[in-house]
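Engineer: Below are the chains, spelled out letter by letter.
Number of protein chains: 2
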Amino acid sequence: MTLEDQELKKAGLKVTLPRVKILQILENCSDRHMTAEDIYQALRDSDGDVGIATVYRVLTQFEAAGLVERHNFDNGPAIYEIDRGEHHDHMVCTETGKVIEFHDAEIENLQERIAAEKGYQLVGHSLVLYVKPNNA
Amino acid sequence: MTLEDQELKKAGLKVTLPRVKILQILENCSDRHMTAEDIYQALRDSDGDVGIATVYRVLTQFEAAGLVERHNFDNGPAIYEIDRGEHHDHMVCTETGKVIEFHDAEIENLQERIAAEKGYQLVGHSLVLYVKPNNA
DNA sequence: TAAGCAAATCAGAACTATTCGCATCTGTGG
DNA sequence: CCACAGATGCGAATAGTTCTGATTTGCTTA
Numbered sequence: 001m002t003l004e005d006q007e008l009k010k011a012g013l014k015v016t017l018p019r020v021k022i023l024q025i026l027e028n029c030s031d032r033h034m035t036a037e038d039i040y041q042a043l044r045d046s047d048g049d050v051g052i053a054t055v056y057r058v059l060t061q062f063e064a065a066g067l068v069e070r071h072n073f074d075n076g077p078a079i080y081e082i083d084r085g086e087h088h089d090h091m092v093c094t095e096t097g098k099v100i101e102f103h104d105a106e107i108e109n110l111q112e113r114i115a116a117e118k119g120y121q122l123v124g125h126s127l128v129l130y131v132k133p134n135n136a
Numbered sequence: 001m002t003l004e005d006q007e008l009k010k011a012g013l014k015v016t017l018p019r020v021k022i023l024q025i026l027e028n029c030s031d032r033h034m035t036a037e038d039i040y041q042a043l044r045d046s047d048g049d050v051g052i053a054t055v056y057r058v059l060t061q062f063e064a065a066g067l068v069e070r071h072n073f074d075n076g077p078a079i080y081e082i083d084r085g086e087h088h089d090h091m092v093c094t095e096t097g098k099v100i101e102f103h104d105a106e107i108e109n110l111q112e113r114i115a116a117e118k119g120y121q122l123v124g125h126s127l128v129l130y131v132k133p134n135n136a
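Residue numbers (the working numbering), protein chains in the order written: chain A, 1 to 136; chain B, 1 to 136.
If you're looking for bench data, these hints aren't it; they were derived computationally from the structure. A hint or two may mislead.
[Stated by the list, open to error] The following residues of chain B were derived to be distant from chain A, with all beta-carbon distances above 10 Å:
hint : residue
1    : Glu7
2    : Gln41
3    : Arg57
4    : Gly66
5    : Asp74
6    : Gly119
7    : Gln121
8    : His125
9    : Lys132
10   : Ala136
[To be verified] Not everything, but these chain A residues come out facing chain B in the computed CB check (under 10 Å):
hint : residue
11   : Met1
12   : Leu3
13   : His87
14   : Cys93
15   : Thr94
16   : Gly97
17   : Glu106
18   : Leu110
19   : Val128
20   : Leu129
21   : Tyr130
We put the CB at the ideal spot given by N, CA and C, even for glycine.
Let the sequences and hints guide you as you build the complete structure.
Structural biologist: This is the structure we're talking about:
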């Protein structure tokens, strides 16, 4: 019974091979930001008998269970990352495609205030900064 | 020579029927936020001989010319709105789908600062607040 | 530790949003 | 008013994602 197995159990999901492998891939990937296709390729490279439909289904379940977060940058494919419970937003370099995480309490507060001013409660937000290196 | 015609000319685009009609629809729509499909339906309802491919092509050209802005909320279809030159972000009500515009100079400044702190220049951003009514 | 059953998976089809290719048509400058 | 570049319409193509239906797998209980 590995750590991954326990996480899955806790989330009320059956411990199956595809789910364990996908969780491991997400935990071990270097930049923490992968598309469904990236994960599918990683599976294919190692063993290779998990369908792309399963990758999507599992990711959706992981998201519902709070194990991963899904983000949509601009109009490209969605990217997934392990949810460590530390909320953050993203900065994407338009030259290199590099993704940088950041957190700013002040911005978070302002968002709450803006919603409140209009008579609403904030239930979520999506903030992506598109940036380029200083010397470009 | 209508106002729409002049805008098109100024943007270096031939003044064709589809372009004029699409511009009018965008200028006259009540909530200012339409999908390509919405526009296609509006055209269909009135006259009806503009293909969906043309709608997309024209919207893309309008965007390049700075006449309209395109936004992607979550994972749904893109929405388009006339660009009045007044930058703003969006708040989307998760109950009603209503789109509210807002602008906050402080948030804009913070974004610049965050990019600078990481050694980058801000070239753009996407901020969407997902909200629900206070009484829900 | 095998049987049974619900849940999960696979492959491929379907779907949504968007773009492309190409034959035809239409503004615009001369 | 003519010619030709540029625009359009249609249908096919694409990318990303979800659904379907038949088969398999993992938990439960005996």
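Engineer: Now tell me if each hint is right for this structure.
Structural biologist: Tested hints:
1. Glu7: holds, 26 Å
2. Gln41: holds, 22 Å
3. Arg57: Arg57/B is indeed farther than 10 Å from all Cβ atoms of chain A, at 16 Å.
4. Gly66: holds, 17 Å
5. Asp74: Check fails; 6 Å does not lie beyond 10 Å.
6. Gly119: violated, 6 Å
7. Gln121: Check fails; 6 Å does not lie beyond 10 Å.
8. His125: Nearest chain A Cβ is 5 Å from His125/B, so the label is violated.
9. Lys132: violated, 5 Å
10. Ala136: Contrary to the label, Ala136/B does not stay out of reach of chain A, its closest Cβ about 8 Å off (not over 10 Å).
11. Met1: Constraint on Met1/A not satisfied, violated at 35 Å.
12. Leu3: Nearest chain B Cβ about 31 Å off; hint violated.
13. His87: violated, 14 Å
14. Cys93: holds, 7 Å
15. Thr94: holds, 6 Å
16. Gly97: violated, 13 Å
17. Glu106: holds, 6 Å
18. Leu110: This hint holds: Leu110/A lies near chain B, its Cβ roughly 5 Å from the closest one there, short of 10 Å.
19. Val128: holds, 5 Å
20. Leu129: holds, 5 Å
21. Tyr130: holds, 4 Å
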